[in-house]
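S.K.: Build the full structure now, drawing on both the sequences and the hints.
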Amino acid sequence: MRKSSLAVAAAASAALSACVQTRQFADVQFTLPSGAYKLLVLRPDVTVGSIATGGMVEPRADWTEQARTSIVQALRAQQSALGGNVTIIEHRDQLPGVTAQELADVERLNFAVDQSIVDAKYLGNSLPTKRGRGLDWTLGPDAVRLGQKTGYDYALFLHAEDQVASKGRVALGLLGLAGCFIGFCAPNVGGQQQLDYASLVDLKTGQVVWFNVVTAGSQVPGIKFGDLRTPQGAAQMVERLLGRMKPGRDVRRQLQAR
Amino acid sequence: MCARCLEVTRRSLLLGGGAAAATLHTGVANARIRPQDMVPLVGPGYKPTERDEIGIWQLMERAEEEIAGSNLLIQDPKLTGYLQNLIGTVGGPAARDFRIYLARIPEFNAMMFPSGFAIVFSGLLLRMRDEAQLAGVIAHEAGHFLRRHMIRSWRDQKRKTDLFSIGAMLAGVGGAGAGVYLGDYVQLAQLGTILSLFQYSRQMEAEADAMGIRNLAAAGYDPMAMSTIWQQLIGEENASARYRGKHRRKGSIFDTHPSEGSRMVDLKADALELTVPGKVYDRHRERYLSTIGSIRPTLLDDQVKLNDPGASQYLIETLAQDGWNGLLRFYEGEVWRLRNRAGDEARAAQSYAAAVAYPDAPADAWRWHGIALMKQGRSGEAKGAFARYLQMKPDAPDAAWVRQMAG
Chain V
0 MRKSSLAVAA AASAALSACV QTRQFADVQF TLPSGAYKLL VLRPDVTVGS
50 IATGGMVEPR ADWTEQARTS IVQALRAQQS ALGGNVTIIE HRDQLPGVTA
100 QELADVERLN FAVDQSIVDA KYLGNSLPTK RGRGLDWTLG PDAVRLGQKT
150 GYDYALFLHA EDQVASKGRV ALGLLGLAGC FIGFCAPNVG GQQQLDYASL
200 VDLKTGQVVW FNVVTAGSQV PGIKFGDLRT PQGAAQMVER LLGRMKPGRD
250 VRRQLQAR
Chain D
0 MCARCLEVTR RSLLLGGGAA AATLHTGVAN ARIRPQDMVP LVGPGYKPTE
50 RDEIGIWQLM ERAEEEIAGS NLLIQDPKLT GYLQNLIGTV GGPAARDFRI
100 YLARIPEFNA MMFPSGFAIV FSGLLLRMRD EAQLAGVIAH EAGHFLRRHM
150 IRSWRDQKRK TDLFSIGAML AGVGGAGAGV YLGDYVQLAQ LGTILSLFQY
200 SRQMEAEADA MGIRNLAAAG YDPMAMSTIW QQLIGEENAS ARYRGKHRRK
250 GSIFDTHPSE GSRMVDLKAD ALELTVPGKV YDRHRERYLS TIGSIRPTLL
300 DDQVKLNDPG ASQYLIETLA QDGWNGLLRF YEGEVWRLRN RAGDEARAAQ
350 SYAAAVAYPD APADAWRWHG IALMKQGRSG EAKGAFARYL QMKPDAPDAA
400 WVRQMAG
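Those protein sequences? They're chains V and D, same order as listed.
Here numbering that gives the first Met the number 0 is used: position 54 in the first sequence is 53, and no number is missing along the way.
Here numbering that gives the first Met the number 0 is used: position 374 in the second sequence is 373, and no number is missing along the way.
Incorrect hints may have been included.
[Unchecked claim] Listed below are the simulated DSBU-like cross-link pairs for lysine-lysine, each with C-alpha atoms no more than 35 Å apart in a straight line:
1. K382(D) with K166(V)
2. K159(D) with K166(V)
3. K166(V) with K157(D)
4. K382(D) with K304(D)
5. K148(V) with K77(D)
6. K392(D) with K382(D)
No lab work stands behind these hints, which were simulated from the structure alone.
M.R.: Printed below as a string of structure tokens:
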């Protein structure tokens, strides 16, 4: 009796350990893009894999393609609802007037800047010089040049990776859960893991004006919280990542003062 | 904890440990894989058809796009064309499918990616003494692709981690059911799994050596070239370690590659099998040197700035076995000058003086020769050296300063 109630408690706490976290940062002067703004989305970086029984991740080409298609659709729907004019490019040579190398340079620079943002804002290595200044990073003249050449107002960089627990992994978790009834409780072998992040760059100033990270993970295989491969799951992810964009601190204060 | 517990006795643990150690031992000393047994597992124009490999190739597509546009790459078409040609010669059935990139990284390394593109580090071009040696390393990398090593080791790893997880879970749950604690065995099994992964990796490296030397010999190169590479690397690491007052790392059970010594010995045995009696092999040293000639100063410069005087000096002396020249003497001087211990200044001065005696002495050799002479109070001769420097490099960033020194 006591053992089985323990097992139920363990199962309940394991179910709770599936969670979605999101945390965004914005430039203090950031105002939400509005009107007929032109947004350029650079090569959404999507990978979907399957977690094998032993924990290795098998990259899945078919799932990745499905997820990319679903995310692109969801992104178009979400942005057009806001009134924005969106272009999503899949390859570096698809942007007229900009060479693949130039675009690669901007992408790499953005990647390095994003890493620095994650390091300082999410991993706790905060920089004293940036304290209390919101999001204070820039891609500099390279991004401004890209804006001048193409006429876009903003560039959005988006990364999404999802790891889906395979049947074997779910079975392993179930076995661990079954063990709770006889005194060896190990349901939390690790299940689905999702990491998404996005950065919005103002192409007039080069500033990274907004940044958001969404992590979703479950300790217990078999529990899902939005499958990027499906239109619903992709829409949910886009909503979590981009749907709740908040203006910067100064702008919010002004709005409150009014 | 529990009365019924069947304790894992010390003896059973020792027995288990002994068995594990025995497998380890055979793991390190693998039997030589004979080149004739190495058959390519892919044909021309290979494309993956299985799900896991398709997934990995898709990831690699993006990786290759990044690498191909990286600013670390040396884009000189003469050099990249040369490397592409070499892999086209020793690449077996997939020769036409490979892509090869040259990265400016001053280390001894080259790597093959699962979808058939390779990266060669510039440090490799510095160390190779002739085309046959370089072709040997490239043939080894091509061997990884021809034997489908990446997907095979990926699957091996997946299988073993799957088995281990299931086994560990069953041991836990089953043990709890039976009231036995099997945790010690689980830990032993974990160690065994990890070690068997490393052993598999070493096995693949040995296969790539055997596959590579087979293709190297088939392309008409001297198969003995491959074992000399390891001889040189061992020498370099010994020199580097000795200088730093340490010992060179020897192989261990946690290595992903077989030890350099065993690779050298195996490759030598392979070469003896593959050498065609009476055939005179051309190692194509001239062709190699004339191709890399344009970046050799950069390669040497990157090396001496690694602050590893033991290795740098060994490398320069190894290259000089094919004859000293102004470039090598100059960088020999640079090794001493940058080390800057007692007596090194005089050694460097000697090297610079020796360098400028050769017609191919770089401009900087004249500059440093001039400075050394100046310090010795031989300002008249120094002026001549500075004049020579300015004549060779009129637009040098420090031209104004040198002009002032030269009076």
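S.K.: Given the proposed pairing of K166(V) with K157(D), does the C-alpha separation stay at or below 35 Å?
M.R.: holds, 14 Å
S.K.: Is the straight-line distance between the alpha-carbon of K159(D) and that of K166(V) 35 Å or less?
M.R.: Cα-Cα ~17 Å, so holds.
S.K.: For K392(D) and K382(D), compute the direct alpha-carbon distance and say whether it is at most 35 Å.
M.R.: holds, 15 Å
S.K.: Regarding the pair K148(V) and K77(D), is the alpha-carbon distance no greater than 35 Å?
M.R.: holds, 34 Å
S.K.: For the pair supplied as a hint, K382(D) and K304(D), is the alpha-carbon distance within the 35 Å limit?
M.R.: The given pair, whose Cα atoms are some 28 Å apart, holds under the 35 Å limit.
S.K.: Need the status of pair K382(D), K166(V): alpha-carbon distance at most 35 Å?
M.R.: violated, 80 Å
In this structure, the one hint that does not hold is number 1.
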